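S.K.: Residue strings, one per chain:
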Amino acid sequence: MTYSASELMVAAAARMLADGEVTFVGIGLPNLACNLARRMHAPNLVLIYESGAVGASPDRLPISIGDPALVTDSLSVCSMYDIFNNYLQGGRIDVGFLQGAQIDRFGNLNTTVVGDYDAPSVRLPGSGGACEIAILAKKVLVIAPQSKRSFPERVDFVTSPGFLNGPGRRAVLGMPGGGPAAVITNLGCYGFVDGEMTLESLHPGCSIDEVRANIGWDVRIADRIDDTPAPTGEELRIIREELDPLHLYI
Amino acid sequence: MTYSASELMVAAAARMLADGEVTFVGIGLPNLACNLARRMHAPNLVLIYESGAVGASPDRLPISIGDPALVTDSLSVCSMYDIFNNYLQGGRIDVGFLQGAQIDRFGNLNTTVVGDYDAPSVRLPGSGGACEIAILAKKVLVIAPQSKRSFPERVDFVTSPGFLNGPGRRAVLGMPGGGPAAVITNLGCYGFVDGEMTLESLHPGCSIDEVRANIGWDVRIADRIDDTPAPTGEELRIIREELDPLHLYI
Amino acid sequence: MSMADAIGRYVHDGDTIVIEGFTHLISFAAAHEIIRQKRRDLVACRLTPDLVYDQLIGAGCVRKLVFSWAGNPGAGPLYALRRAIEERVPHAIEIEEYSHFGMVARLTAGASKLPFFPLRDYAGSDLPLVNPRIRQIECPFTGERLAAVPALNPDTAIVHVQRADRDGNAQIWGLLGVQKEAAFAARNVIIVAEEIVDEAVIRSDPNRTLIPGFIVHAVVHEPFGCHPSYAQGFYDRDNEFYVAWREISKDRARFEAYLDEWVYGVADRSDYAAKMLDRWRDLTAADRPCEPVNYGY
Amino acid sequence: MSMADAIGRYVHDGDTIVIEGFTHLISFAAAHEIIRQKRRDLVACRLTPDLVYDQLIGAGCVRKLVFSWAGNPGAGPLYALRRAIEERVPHAIEIEEYSHFGMVARLTAGASKLPFFPLRDYAGSDLPLVNPRIRQIECPFTGERLAAVPALNPDTAIVHVQRADRDGNAQIWGLLGVQKEAAFAARNVIIVAEEIVDEAVIRSDPNRTLIPGFIVHAVVHEPFGCHPSYAQGFYDRDNEFYVAWREISKDRARFEAYLDEWVYGVADRSDYAAKMLDRWRDLTAADRPCEPVNYGY
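Protein chains in written order, with my numbering: chain A, 537 to 786; chain B, 537 to 786; chain C, 6 to 302; chain D, 6 to 302.
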């Protein structure tokens, strides 16, 4: 069965979620991954959106994080004060999903500017809730298509800190969250060893050469590289028929 | 027409409230005074209870500050976070009513202990919201029956600061509210001059000697002493028939 | 879960507990079970100790009281508490005292895992002189000095609500007090519900949900569980009992007799409620439904 | 009060304004009136500038933008904003940038008249390097260093709500964003209501009231006043327009043409709504009433 890179990334991310975990969901692929996990192995996954919807149960694909479909039939809707103070800073979020225009060797993310802050070549949207999710969520999962440009050795601007300049730095700064746990790209899945992004699995048909050609530093590679399992027929059916029938993201 | 000291105190306090003022109401005589003012000259008085009821419109006399009658038909019910942070500290309260087991020359109030804090002769309830009302409300009105014991020169414990040890001290400490504006006793009404309690009117039938006999210091007396107007027939009718038909407080 | 199991599992000797509810929704059912299970050395925190902690203190469960207003609302002092403070009966207790704003701030900090909360309070008051945990902090922008109080993070918070589903997604209306903050601040949360409803009822009005089920450890169904406190829309406050408590608590023997009859003498809350059936009927709330809102899109 | 009068009275050149609403309940009606009245040099604050501030910026109303996420949700960048930052068209604007938590904290402080708010944030991020108003504070109990942001107290906050009475007692359901904080933080408050209801409707469900009328300065009745944003229970978000905005805002001429037709070319919101009547009908919400609750006692 053929599938797109996006579909594989969604399936791979979904499998990283354990049942009962409380996840801070973003729009797009993270939303698909969370909802896929709920329908597969994690029916008790709790979905929280920074807009204030807790235990959302959307009956259409949400286009924005503030979609009314996330409110209707959710378990709770609260203020953004509550979301950021009591849920996120309160240590109630197990998993935060982040994306980024740039991610570097230590899992730092940039969604602020390409180039110089005061005279940017591209002005990006900024942090939103990403900075605090990176600092406070127990772990962070990143989904991002891979290229030399978007995976530089050092990001132009640290919007959302990963492991900063290496192991131990988060602890020195007293950051409550555990930092990035995995990066899922169109080529493979990475974990973090000593705070450094480390290739752990290759997607079917992808090679280490391809990985090296699309990353901005001499990337660390685990001793044992697994094959990322391909999405199953059931996973693809759910993604295509139930979650994103208009194929907006896949 | 005869009336009790409590009825006079209620009527006198009610007249001190201007239409449209936002008042932090206590149970008992303050509650009667606010509701009397609403029915007389101040229909737009906003009644707020520290329990969270805003714009309450009770259809029975509330026995406690958390009476369900304060909720039914109120304009808004909010959390105590909101009451203390956004309403009181937010500078939205024009008038706060306080009572006290002791009040002193500078309008400091004690509702904590009689005697030594660690070995009190009488343990009183404590601050509740009184400390912050005294600090933050734009002005404070005090209703208290007068005696040498309850009006000492210096309170045993400052639960709720008035003018502390004299004029200017509130400003030095950066206290946002204006402090006590009036004290209404069973004998007369006091204002504050240079931060010091000053007799301004005597209730009908009361004398300056009686005032002096029931206060713990050489009390300051205004150049001109008015007679506190007696409650009118209409005021008494409202208090007795509408507000406190069971005569719990009057 | 039964109240006996919930208290057995989540309230231990020496624990710091919060049973919240400002006049409204006070879980007397939980307090009575704590007394029945003879818990000792509790650090009992609450803005208004009220009859509920007067009973815990008089029954000898409490080592330390953390509070901001200790009276019987509208009916005088709490005599069991005064006996403990003034006469060390049944034993001495420690007290740690704030104002309401301070207690609200402590739970607000606790809920959001801030170590402290800043507030414009206590200037000129003697409270900081007797409580060294009321401190000061300087604003890094204006240089102003503000008060600061430390976070309160109880081992267990007990919150009575009008309705909850089986997972503990809990809805409250009427006075909200500091229940949300208490629940988020606690390590364990016991939800006691007047009514257990279908999840669909909760989902029909998500803005009404104060506490999400995933932070809840035990859900107890306990109708009439607040009496003599009240539950808006279910039953009124038993003001007569509050007044009667004055005489009961004043006299140590009458206090003991009360516990014997209404706490030790009943197996659980449903037993209590059955014994109190006529009173429950008298207190039953009138019907004042809200105007519904539309959550469609 | 008409929107023209409300903006005329409470939004002046140079003012600091907040039009809040997180995706939900964004008052485009107010923004369009500000553009029509040609306000200049505004300090425009909002978590998500969204199309609403992209329009204000492109129309030349804004001197400075204070924000935390500047994009077209689900549909790319805000091009008028990017033109201002990258090409100084129509003129340069200053920016002051936080994260969402930082903006929430700033308004929370503003609402309660604290000069700052503490939060566990920004450690390791470059944001404090480019924004000197993100500072640090030390906990007086634990010695931990936390971030601190200054209060935000706008001259005027504009909040769209689903229903309000004539005095401005305002009720919101669905996403609540930071509207309560924005209103309490502001010197002047404009409430824009989808529906003006009898005071009795408000009083039937007091827990739903987010903003009390006594802090409100103007009440404007403006049905369909959020379009292309949405009002839960009234009409859906116009996602197609959000996508279309990408191409409109990308091209300065098309941007101007849009303003000419939909802002300058209409007298007010009712004119706009009449012109958009079919779309309004298509977006009308389905019926999903909540389970009512009982406020009786």
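These are calculated hints, taken from the structure and not from any lab test. Warning: the hint list may mix true and false statements.
Straight line, CA to CA, 16 Å or less: simulated EDC-like cross-link-like pairs of lysine to aspartate or glutamate [what the hints assert, rightly or not]: (1) Lys684(B) x Asp595(B); (2) Lys69(D) x Glu143(D); (3) Lys684(B) x Asp745(B); (4) Lys69(D) x Asp654(A); (5) Lys674(A) x Glu746(A); (6) Lys118(C) x Glu143(D); (7) Lys675(A) x Asp555(A); (8) Lys69(C) x Glu557(B); (9) Lys674(B) x Asp745(B); (10) Lys43(C) x Asp20(C); (11) Lys255(D) x Glu91(D); (12) Lys43(D) x Glu149(C); (13) Lys69(D) x Glu101(D); (14) Lys118(D) x Asp20(C); (15) Lys118(C) x Glu149(D).
Which bits of chain B does chain D cover? Going by a derived footprint, with three or more residues having C-beta under 8 Å, they are [to be verified]: (16) 588-598; (17) 606-619; (18) 626-634.
Remember, it's a predicted structure, so these values are computed and weren't measured experimentally. Virtual Cβ for every residue (Gly too), placed ideally from N, Cα, C.
S.K.: If a hint holds in the structure, say so; if it doesn't, say that too.
M.R.: Hints, verified against the model:
no., hint, in the structure
1, Lys684(B) x Asp595(B), "violated (38 Å)"
2, Lys69(D) x Glu143(D), "violated (31 Å)"
3, Lys684(B) x Asp745(B), "holds (13 Å)"
4, Lys69(D) x Asp654(A), "holds (14 Å)"
5, Lys674(A) x Glu746(A), "violated (31 Å)"
6, Lys118(C) x Glu143(D), "holds (15 Å)"
7, Lys675(A) x Asp555(A), "holds (15 Å)"
8, Lys69(C) x Glu557(B), "violated (41 Å)"
9, Lys674(B) x Asp745(B), "violated (33 Å)"
10, Lys43(C) x Asp20(C), "holds (13 Å)"
11, Lys255(D) x Glu91(D), "holds (13 Å)"
12, Lys43(D) x Glu149(C), "violated (38 Å)"
13, Lys69(D) x Glu101(D), "holds (8 Å)"
14, Lys118(D) x Asp20(C), "violated (35 Å)"
15, Lys118(C) x Glu149(D), "holds (12 Å)"
16, 588-598, "holds (count 4)"
17, 606-619, "holds (count 9)"
18, 626-634, "holds (count 3)"
Checked against the numbered hints given earlier, the structure breaks hints 1, 2, 5, 8, 9, 12, 14 and satisfies all the rest.
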